[in-house]
Each structure stands twice: as structure tokens, then as C-alpha cells.
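Enquirer: Residues per chain, in single letters:
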Amino acid sequence: MIPASFEYRRAGSVEQALGWLSEDPDSTKLLAGGHSLLPLMKLRLATPGVLVDVGRVPGLSYVRDAGDHVAVGALTRHRDVEISDVARAHVPLLAHVAGQVGDPQVRHRGTIGGSIAHGDPASDLPAAVLALDGVLVIDGPRGRREVGAGDFFRGFLETALAPDEMLTEIRVRKAPGGWAFQKFNRRAQDWAIVGVAAVVNGGARVALVNMGATTVRARGTEEALAAGAGIAEAAARAPEGLEPPSDLQGSAEYRRHLATVLVRRALEEATAAGG
Amino acid sequence: MSTTLTDGPAAGVVGTRMLRREDPALLSGEARFVHDLVVPGALHLVLVRSPYAHARVISVDLSAALASPGVVAAFSGAELAGEWGSPMPCAWPVTADMQSPSHLPVAVDEVCYVGDAVAAVVAASQAEAQDAAAAVAVAYEELPAAVDLEDAASDRVLAHSALTSNRAYTWELVPDAAAVERAFADAAVTVRERYVQQRLIPAAMEPRGVCVVPQPFGGEYVVYSATQIPHILRTMLGITAGVPEERIRVVAPSVGGGFGSKLDVYAEELLCLALARRLRKPVRWSEERSEAAQATIHGRGQVQEIELAADTEGRVAAVRVRLLADMGAYLQLVTPGVPLLGAFLYHGVYDVPAYAFTCTGVFTNKTPTDAYRGAGRPEATYAIERAIDALARKVGVDPQEVRRRNFIQADKFPYSSPAGLVFDSGNYEAALDAALELIGYEELREAQARRRGEGATRQLGVGISSYVEMCGLAPSRVLASLNYVAGGWEAATVRMLPTGKAQVVTGASPHGQGHVTSWSMIVADKLGVSPEDVEVLHSDTAVSPLGLDTYGSRSLSVGGTAIALAADRLIDKARLLAAHRLEVAPEDLSLSAGQFSVRGSPSSAIGLGTLAFEAFTAHDLPEGMEPNLEASATYDPTNFTFPFGTHVAVVEVDTETGKVDLVRYAAVDDCGNQINPLIVDGQVHGGIVQGVAQALFEEAVYDGEGNLLTTTFTDYLVPAASELPSFSLGRTVTPSPSNPMGVKGIGEAGTIAATPAVVNAVVDALSHLGVEEMAMPVTPERVWRSIGASASGTGGGR
Ligand SMILES: Cc1cc2nc3c(=O)[nH]c(=O)nc-3n(C[C@H](O)[C@H](O)[C@H](O)COP(=O)(O)OP(=O)(O)OC[C@H]3O[C@@H](n4cnc5c(N)ncnc54)[C@H](O)[C@@H]3O)c2cc1C
Chain V
107 MIPASFEYRR AGSVEQALGW LSEDPDSTKL LAGGHSLLPL MKLRLATPGV
157 LVDVGRVPGL SYVRDAGDHV AVGALTRHRD VEISDVARAH VPLLAHVAGQ
207 VGDPQVRHRG TIGGSIAHGD PASDLPAAVL ALDGVLVIDG PRGRREVGAG
257 DFFRGFLETA LAPDEMLTEI RVRKAPGGWA FQKFNRRAQD WAIVGVAAVV
307 NGGARVALVN MGATTVRARG TEEALAAGAG IAEAAARAPE GLEPPSDLQG
357 SAEYRRHLAT VLVRRALEEA TAAGG
Chain A
2 MSTTLTDGPA AGVVGTRMLR REDPALLSGE ARFVHDLVVP GALHLVLVRS
52 PYAHARVISV DLSAALASPG VVAAFSGAEL AGEWGSPMPC AWPVTADMQS
102 PSHLPVAVDE VCYVGDAVAA VVAASQAEAQ DAAAAVAVAY EELPAAVDLE
152 DAASDRVLAH SALTSNRAYT WELVPDAAAV ERAFADAAVT VRERYVQQRL
202 IPAAMEPRGV CVVPQPFGGE YVVYSATQIP HILRTMLGIT AGVPEERIRV
252 VAPSVGGGFG SKLDVYAEEL LCLALARRLR KPVRWSEERS EAAQATIHGR
302 GQVQEIELAA DTEGRVAAVR VRLLADMGAY LQLVTPGVPL LGAFLYHGVY
352 DVPAYAFTCT GVFTNKTPTD AYRGAGRPEA TYAIERAIDA LARKVGVDPQ
402 EVRRRNFIQA DKFPYSSPAG LVFDSGNYEA ALDAALELIG YEELREAQAR
452 RRGEGATRQL GVGISSYVEM CGLAPSRVLA SLNYVAGGWE AATVRMLPTG
502 KAQVVTGASP HGQGHVTSWS MIVADKLGVS PEDVEVLHSD TAVSPLGLDT
552 YGSRSLSVGG TAIALAADRL IDKARLLAAH RLEVAPEDLS LSAGQFSVRG
602 SPSSAIGLGT LAFEAFTAHD LPEGMEPNLE ASATYDPTNF TFPFGTHVAV
652 VEVDTETGKV DLVRYAAVDD CGNQINPLIV DGQVHGGIVQ GVAQALFEEA
702 VYDGEGNLLT TTFTDYLVPA ASELPSFSLG RTVTPSPSNP MGVKGIGEAG
752 TIAATPAVVN AVVDALSHLG VEEMAMPVTP ERVWRSIGAS ASGTGGGR
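Protein chains in written order, with this note's numbering: chain V, 107 to 381; chain A, 2 to 799.
Errors might be hidden in some of the hints.
What the hints assert, rightly or not - Which chain V residues face chain A? A few, computed with CB under 10 Å, are given here:
1. Glu113
2. Leu143
3. Met147
4. Arg150
5. Pro154
6. Gly155
7. His202
8. Gln206
9. Asp209
10. Ala294
11. Trp297
12. Glu349
13. Gln355
14. Tyr360
15. Arg371
16. Glu375
Read the hints as simulated data drawn from the structure, not as lab findings. Note that beta-carbon positions come from the ideal geometry of N, C-alpha and C, so glycine has one too.
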């Protein structure tokens, strides 16, 4: 549980962090809350040469009402998203999901930017941002760009972020209507075996946790609903085209089954809540 | 023995819910564990461990490690082979023909499980030692591995190339084979069940740690170890490391839990001692969490076959049991004996005339198993309590009623069991009644029927487990008959200090149980001092040279009894001194609250505090009396003690996802008289959680090649408070007649009772759907599959 040795630098600004990143992007890592990166380093599954700690960069922790959307700074801790009045009023799904991450210690250290940037298919917040059709704001040596959540999550621990870039803001459109989050796990503090984030607002967007190499949408369900199918029928198509993992917590077959049950429950709950 | 339904009367502090004296230091971080000890100049040991379950070691290249920064020394197993006086010890050769493969702290030419040590690296810091260990290049030739227990029993693949069979031993307890045969031939109903006791990782909060400090002038070694057994360890280190016993001092500082996993003599303890001797420097080792998962013993690991012969009313006439017990790769301190601790209890709380038990211990290429909370008794209780439920279903009688029909009745105690034990005292029906009332059994059955009628998604299940255990290990003569190489006594000394305070020296070695509190309470009441004025010394062989340590719920009923006896002897001496001072006959004195007073003239009195000072100054003692008030006692129990009780679990099962929620839990335990009911509550709480953990959450999972897959707490699911309901606790009190305080033991009861209660509840929730089988841990996927299998009538997975 001792990581390989590395150099530690504390960044005072985004510019400084990006400058250090660009020196050797492939063996440099940004450190935010450390709750995904440090466990990997302790198991020596990650051995970065340089850690650039962005944890104290000022001005990147906020949840702001930005008119048609809510803007969340990348360094905002899960707990601060969970209790934000702005998030609760305009994107309650995001606030709720932030409150479902791990346990209180994790929620007080982990950041939304770290969770999105890490791109773990088992993480909760990426599914919420995908269901909410969020936009990721990325800064880097080639300037600023914005990437839709649908294009951001690429594969296992792989996102649209280049090694020399930093995620600085997460934008989610205000979402009136119904929503639901179903997280299925064996212990309260665990990652989801399968999770479902659903937003029902005229149409429906359904994003799934741990049903593929990265956060994915339940396209089969969304199509069925668009074609007028009932909830149960649409939910039965949730695993369509997906290749969920098999691991100690559940086989792929069981995950497919769970997806149908949890999507149905999520859609029923979201619809009942005003979708 | 009469049974009462309360905590029992509290004349002094004994019987009260006094807060634990240990807790402020533990909660504030003031307590010091091995890893916290600051030892200037200590070198850090890191082991290179085999990544293969079974392999020949072709070569060990240490050159890169030796060149690594901070490295002081590095050794292969071959280079260390000369350090050992004998192989690693097993103290329990259960049969004369038992096989035990040679086990060295660092393997020389064959590694037999993933985690078996192949090289040792010593460096100035733990980080440097770890980096260097990664640079050790070991060439292996992989050998086939015996992983699955039943497959290993077939000898298809051998776990050790030096052995011709994987069978370690076969041990039988068949008092009357013909009677068993007859009972099965005559039985109207038989039940035959197969259960798997999955392997468990003990996961004590503090992993292991060792630090050996050579004393520069005395030629002695102080061994600090996170151990349950400083005394046994000292003797064993003397034998195996070739350092004379009197030159070893073992200290167990604060120890963060053990559950049996620290009831052992480990390679790292021997290594730190040998390397400190060789390098003439302090050497320390701190276990990492993932390392602990494979380098510290596992618990359980059995395949059980149990058969009941019964009549149509559900009365059991015979129990027949066959076990395969997974030893793992080597025999640790008491590995082979663990199943024997359960061997006598497979008929449980039931009056069964005929009994047969057979166990075969089998080697596999996995981490060695050994004692884990309950050690043999949880396995036995699980088998009989699940089989009794299967019988209840078969004869169509409520499970609580089947239990009643078979209970050993209260007027039959002391009860001679079919396995040859004498159960000291009991009243099983009283505990069952109390538990059913606590949980509201009738209402639950009605609610269950309603949900079944509605076809609800969430079904309700109620599971009962009535248990008896044998604890207070152990009468030395009984241990002799079981081939255990040591005794089962415990030692204590009680002293009055010059200022009137008391001092207790105990051979028990607490690691979380609250002994300091309990021992203080016992002595406080005996000597009329306040518990805070009692100093308790323990866990250091230089301070408490005589003892057999803490395991098997023995500390109170054996160690506590020794303390009570020593205190009584001290009082006998004090009485003589008081009689001398008051110029009366000793028989004329009565003792109350620490004051001796003359019967009939209470104004003539003298306190123990005054007497302590007088005995200390020794200015005016009766002729021939030695100075000081102190006395010692060594107590060898005449019998085990037999705590019992009934636990009831209530679960809700989501029939769509298979998820099980434990929603209510009631436990009525009877551990005889209680010194501190608050400590009893704590032991029961923790015990229940560990039992629930086996039922629903924990399993050490190996893949087909013998790799342990559950090496972190992400994969090895230890439940937390959020997974558990509040427990409703009750108690009946049936004192033990076998010791003067009438106490039994409560350290393991919860773990023993909880596992079958929970699994019975899950089966009960689903039995109307045709589900009868349920493997542990009861994962949501397993439940989902068994519902599907029953619905489609395939009887297998879907
Ligand atoms: C015990 C435990 C339980 C957990 N349970 C859950 C759970 O149930 N659900 C869940 O979703 N998560 C869970 N997590 C993960 C937790 O939410 C993490 O905090 C989060 O995933 C990562 O955020 P972080 O700030 O800690 O990132 P870090 O660990 O600091 O970084 C993670 C990765 O993202 C990169 N990174 C960080 N910030 C940025 C940025 N702004 N721009 C670009 N790259 C960046 C880092 O370089 C690193 O590669 C758990 C973690 C633990 C330790």
C-alpha cells in the first residue's frame, strides 16, 4: 500500500497546472480528490512520475445558476454538489446522485471533475451527467473546448480528455420534469453493480452505470419509448446491444437482467414524479 | 440450575453496565499498536511472495534488490534455511498418522500457495524494502494446483510433491455405529443435506505486525507482536527459531482484534527474530491489507454432509455427519483441530440418541486455514440448524415447534451428550420463548402469509437458530485426549499495593474484549476497592510470565476464575493479619466492602487498605507470615462451559433482483452470570455481524488457478452499520455449575448463532416458490438464480 515514488507539485492556477502537464503529459497526472487515483497508485496499478495537485487551485469549486443551465466547477466536492440549493432546485438528479457516491469520507474528498475525468463505468456521476445531456468544458494548451457528454465517455477509463488537458467545468441544462436514480449494490458504500439514471421530460434519456466499458445510454429503451411502447416493454430492451462486465459482484447475464428491472423501476419512479 | 430473565442482581460493580476502561485510550488514538512503536534504527522487512499457487522454485536472483537504494540485506529461502531450529509448529497432531508437510518461514524449493514467501528483503524504510522486493527475480516452474476442496480430496492433483496424498488425516467420533445404522433403517423420515462453508478472511481491524529488538548487552530479544498468544508464541519461538526461550520476551501491545487469526505462530514472527539475530539490528514488519488477505490464515472452508433420521413428528433419532475440511497448504498452529472443536456439537441443542461424525482434513494450494471466531462450532451449528429447518419443511411442522420437540429438556442437566460431553446447564426452551416474543413471531408469520397471498415483490422470511457451544477452553485432560500438545489452564496473581490499590497479573491476553474492565470489576468486588483502583497487567511475558492467552471464549471462565481464586487466597491471608491486629480469631471476622469486622462488635474493624500497608511494612506480622498481601492461582477447568440461546432473523427478499435485506434481528443469549452486561452486548453485537457477514457478504474467492481474487475491501465485502438493523437483545441467566462465578463465555456466541438464522430466513422467504437450497454467501445473483431455477423446474442455475 505504498505507491511507487513520484514527484509532487502543487498548482496555484489552471495555467500552472496545464504548464506542468504539457512538460511530460504521459507520465504526469492531475490529482484532485485522489479517491480514484491514489488507490490505483497504492496498488501500483498507476505509477505516474509527477503528480500535479490541483486540489487547492482557487475558483474551481462552485455550483452556479447560469440561466438555462447550471455550471459546476470541476473541483467541487461531491458533498457540495449534494447540498447545493442551486443543484437541488434545478438539477435535483445531479444533487441526489452526488449524495449516493461511496460514503461520507469519499463524498467530502472526491470531486465531480475527478469522477467525470476518470471515466470509470462503475461511477455514478458520469451516468447522471449523460442522462442530463451535460457539456464538459475542457482547457488545454490548444485553448478551451466544449464536449457533449454523449461524445465524452469513450471506453474503459478513456474519455475525450487529452493527457495535456484539464476538465474545468461541468454544465447541465436545467431539467424540469421527472427523474430517478436506481443504484443497486450490496453494501451502501459500494459502487453500483448496475445503476440507472433516468430523466423523463416529454422524451426520456436513460443512462446506465456498469453496463459496458464506459457509461452508456439504454438506447433500446429510449427507442422503444419514442415509438410509444409502455414502460415495462421498453425496460425489457434496456440491455440491448450492451456488453456488461462479469465480475465478483455479478455476471454479465445477471447485470442484463438487473438493467431491465432497474430501468423499469427508474422509469416508473421518474414518471410518477412528474415526467 | 434456575434460569432468570434478567441481567441478574448487582450487589457491587459486578453485574453493572460499567463503561470500558480501555476505551478512552483506544478512541483517542493514545493506544499504541505494533506499527506505532518508534524504534530507532529498525530495519524494515518485506517479503517476496509467490504469484503461483504451486510451483517449483528454480532460482532466486537477489542482485537487483541488493543494489536497490536503502537495502541492507536480502535472502532467499535457501540462504535462511540454516536459521530454523525446526519447521513451523503445529500444536495439534489430531491423529497418530497425520501428515504434515514441512513448512519453513521462507520456502526453499517449492511454493504451495499464492502468498507463500520465497525471499526476504530488509531495508532502511518500508518503501525502499518494497521497491527492492519488486526487483527480486524468481524463476518458477509452475506445477498443477489443487484448488477445489472436493477435487483435492480425490488426489487428482497433489498439493505437495513430497506427499503421496492430499489427505492430512481422518478423525472419527462414532460411539455406537450400530445404533446409528439402526436409527436410519427405522427412520420414517430422513434428511440429507450438503452445505459449503466458504472460506472467510478474518479481517481484523489491525493487520499483523512484528518488531524484534535485540538487547545489546543481555543478548535478549524483545518481540513485539500483534498476537493473541504472547505466552504460546514465546515457547514456540524458542523451539523453532533456536533462541533459548528465556532469552525471548514477547510483548503484545494494543492489539486491534484477532478473531483467531492472531492465535498463531507466523513466518514473519520467526523471520524478524532470525533477521534481528543475524543483522544485530531491530527488524520490523507491518502487514499490508491485501497481504493480510493471503498471508494471514483463513477461517472455515468445509464441505459438510449431514443426515438426520427422524419420525413423522420430526423427532430426531440420529445425526450422521461427514466433513471435508480444507487445511490449505500447510498446518498452522491448530489447523487440524478446528473441525474437532465442532465435532461434538453436530446434534446441537437436541436430545439425539445416536451420533456419528467423521472428518477428513485435506491439503489444497491455498492460504492455510485455522481458528476463526467460533472455530468449528459455527460450522456445526450451521449444519444442524439448517438441517432442522429442512426437517421441519419435510414433516410440515413449524420450525420453532420442531426445535421444541427435540430440545434437551431443562431437567436433564447436567446432560451426557451422545458425543461424550457433559453439558453443564441449560434451559433451551426459555431462550426460544424469549426470542420469539422479542421478535413478535406470530405477527411475522401473519405478515408473511399476507405477502405470499399478494404475490408481493418483497417477500418476508423468518429464520430461527438455537445453538449451544462449548467454550472455556479447556480442561487439560480433555485436550490430552484430543492430542493437543498443551494444557488449558490459566494463571493469575492478585496483589494489594502499599497505598491500598490492587494489582492483577493475568495470563489472558486481551485484544479488544475489555478484559481490563472485567478483571477490575471482579477484583473490585472481592477487595472492596473501586474498579479504577485496580491495575491490570497483561500481554508481556516479562510481567506476566505464566499464561495460555486468549481464544475460545476462555478468558473469563478460565482466566477470570483464576483471578477470583487468587483474590480469595489473598483475602484468606489478609484475614489472618486482621485477626492478629484485632486480636480475635479469624473465624470471628466477616468481610464486607473491604472491611474486616468482628462479628457482634462491628466498631472493631480494619480495612484491607490498612492491612496492605501493614503487610508491606511488615513491622508487625503474625509469627511466620510473609510480608505483602498477594496470592496466585492457576485454574484448570473441570469441564467446558456451554452457553446457549436462540437468535431470530427477519429478512426481506426482493424477488426481482434477489437482494436480501436483513430487517430485524433478535438474540437471546445465555452465558450464565454476567460480569458486565454492556460488554456482553458488545460481544453479541460484533458476533452477530460476523455471522451475518458469512451468511450474506463475505467469501474468499479463488479462481481455478488458485489466485485469491478478494484481496481488497472492494471485493471482500465486510458489512458496515448501514447493512444492519438494530438488534433486539435479550438474555436468560442459567449459571454454570462448573466454576465459582457461574460464568460461561460470550465471545463467539453471536457468530455461531447468526449465520444459520439468516440463511434459514432467506430460505423461509422463498420456500413457497420451491427454493430449498441456498449457498453462502447469499448474493443477490444466487437468490435470483435459485428463484429462476425453481420456477422453471430445472433445479439448476439458469
Ligand atoms: C471507498 C471508495 C468508494 C467509492 N465509491 C464510489 C461510488 O459509489 N460511486 C462513484 O461514482 N465513485 C465512487 N468512488 C470514487 C470517488 O467518487 C472518486 O472521488 C471520484 O471518482 C474521483 O474523484 P477525485 O477527485 O477523487 O479524482 P482523483 O482520484 O484525484 O483523480 C481521478 C482521475 O481523474 C484525473 N483528474 C482529476 N481531476 C481532473 C480534472 N479536473 N481534469 C482532468 N483530469 C482530472 C486524475 O488525473 C485521475 O486520473 C469511491 C471511491 C472510494 C475511495
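Enquirer: A separate judgement is required for each hint: does it hold in the structure or not?
Expert: Tested hints:
1. About 15 Å separates the beta-carbon of Glu113 of chain V from the nearest beta-carbon of chain A, more than 10 Å, and the hint is not met.
2. Interface restraint check for Leu143 of chain V: the shortest CB-CB distance to chain A comes to about 15 Å, outside 10 Å, so the restraint is violated.
3. For the restraint placing Met147 of chain V at the interface with chain A, the shortest Cβ-Cβ distance is roughly 13 Å, beyond the 10 Å limit, so the hint is violated.
4. Checking Arg150 of chain V against chain A by beta carbon gives a least distance of about 8 Å; that is within 10 Å, so the hint holds.
5. Because the smallest distance between the Cβ of Pro154 of chain V and any Cβ of chain A comes to about 16 Å, over 10 Å, the interface hint for this residue is violated.
6. The closest approach between the C-beta of Gly155 of chain V and any C-beta of chain A is roughly 15 Å, which is over the 10 Å cut-off, so the hint fails.
7. Because the beta carbon of His202 of chain V sits about 17 Å from the nearest beta carbon in chain A, more than 10 Å, this interface hint is broken.
8. Taking 10 Å as the C-beta contact cut-off toward chain A, the hint placing Gln206 of chain V at the interface is violated, the least distance being around 12 Å.
9. Interface restraint check: Asp209 of chain V against chain A, minimum CB-CB distance 8 Å, threshold 10 Å, status holds.
10. Hint status for Ala294 of chain V: holds, given a least beta-carbon distance of 4 Å to chain A, under 10 Å.
11. Here the hint on Trp297 of chain V is kept, as its CB sits about 8 Å from the closest CB of chain A, short of 10 Å.
12. Proximity of Glu349 of chain V to chain A is violated relative to the hint, the smallest CB-CB distance being about 18 Å (cut-off 10 Å).
13. Using the Cβ-Cβ criterion of 10 Å, the hint placing Gln355 of chain V at the interface with chain A is satisfied: the shortest such distance is roughly 8 Å.
14. With a cut of 10 Å, the hint placing Tyr360 of chain V at the interface with chain A holds, because the nearest CB-to-CB distance is about 4 Å.
15. Proximity of Arg371 of chain V to chain A holds as hinted, the smallest CB-CB distance being about 9 Å (cut-off 10 Å).
16. Because the closest C-beta pair between Glu375 of chain V and chain A is about 14 Å apart, greater than 10 Å, the hint is violated.
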